[in-house]
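Asker: The primary structure of each chain is shown beneath.
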Amino acid sequence: DAKTTQPPSMDCAEGRAANLPCNHSTISGNEYVYWYRQIHSQGPQYIIHGLKNNETNEMASLIITEDRKSSTLILPHATLRDTAVYYCIVRVGDMRFGAGTRLTVKP
Amino acid sequence: GAVVSQHPSWVICKSGTSVKIECRSLDFQATTMFWYRQFPKQSLMLMATSNEGSKATYEQGVEKDKFLINHASLTLSTLTVTSAHPEDSSFYICSAKNRMDEQFFGPGTRLTVL
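Residue numbers (our numbering), protein chains in the order written: chain Y, 1 to 107; chain S, 1001 to 1114.
Chain S with its partners taken away, still in its complex shape:
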């Protein structure tokens, strides 16, 4: 199956700093990429959808100025958590959809904000 990678796999940062998470589709071109957030013992919540070369579409309640998404190529999307606070600590997961409408998930990035 197709492979989606995320980097870093975990990150610890100080409150007030910004953190960038990368999502790459390794062996296919992703027409659309998605970002999810998962708090402990909860399900995945869709944060935003991004198409290559266009602005991301954010879900209701997700601050677009806090969670900056860039989808500059068909194989790379980045999520930047700006001015991170402890409540932003979570498991962030990306997924990528190919031209056949198949969706593949990355392994996730665990963010801890101190």
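If we strip away everything but chain Y, and leave its shape as in the complex, we get:
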């Protein structure tokens, strides 16, 4: 019973920015937005998280709308190694995964 909606798949050209959307219209005030990714046959890798402010780290940027009902993960310069399933999770306790978005970065 994931609380997020993501497109099932997206393509991106290598070197371009990848913008992955996530809808979380029922998010509660104390729930954080987390992003993880999973490369085939590996454990999930943490990317970034935020509450209401936009966040940036060495991997990505997270843009959260003012009403917090949606967010976008931005990979500024996608590489072939960024091909993975990306999961957007809203969380205050357990980490529960939805279906995610399968991002394919193409040469």
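Take every hint as true, because none was put in to throw you off.
Derived DSBU-like pairs (lysine-lysine); straight-line CA-CA distance at most 30 Å:
#: 1; chain 1: Y; residue 1: LYS3; chain 2: S; residue 2: LYS1055
#: 2; chain 1: S; residue 1: LYS1041; chain 2: Y; residue 2: LYS69
#: 3; chain 1: Y; residue 1: LYS106; chain 2: S; residue 2: LYS1041
#: 4; chain 1: S; residue 1: LYS1041; chain 2: Y; residue 2: LYS3
These are calculated hints, taken from the structure and not from any lab test. In this text the structure is predicted, and so the values were computed from the model without any measurement.
Since chain Y is already given, all that's left is putting chain S on it; use the hints.
Answerer: Leaving out everything else, chain S in the frame of chain Y:
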């Protein structure tokens, strides 16, 4: 970042046998550990949550007598799949949460039951 390891990384067993999977937090103490299962082309499904020294809390539909979880220390949790059958073949992933509420995932264990 913090490291969580799993052992073994893959295992093949015969139907009816039991298999133990270990999950260790290598450089931090895990107040809570989680076990997930992932079937091919599907997402991760939370199986159970365990706190050190207490009984695990299982998700609805997960048989606690089949999937035995022991969390004997702040750095080690084990999942034992008892009387394994082919339908238990899956990718099992653990995660560990530290005192700062950060959650880190292990690399997963692929179980194949013949």
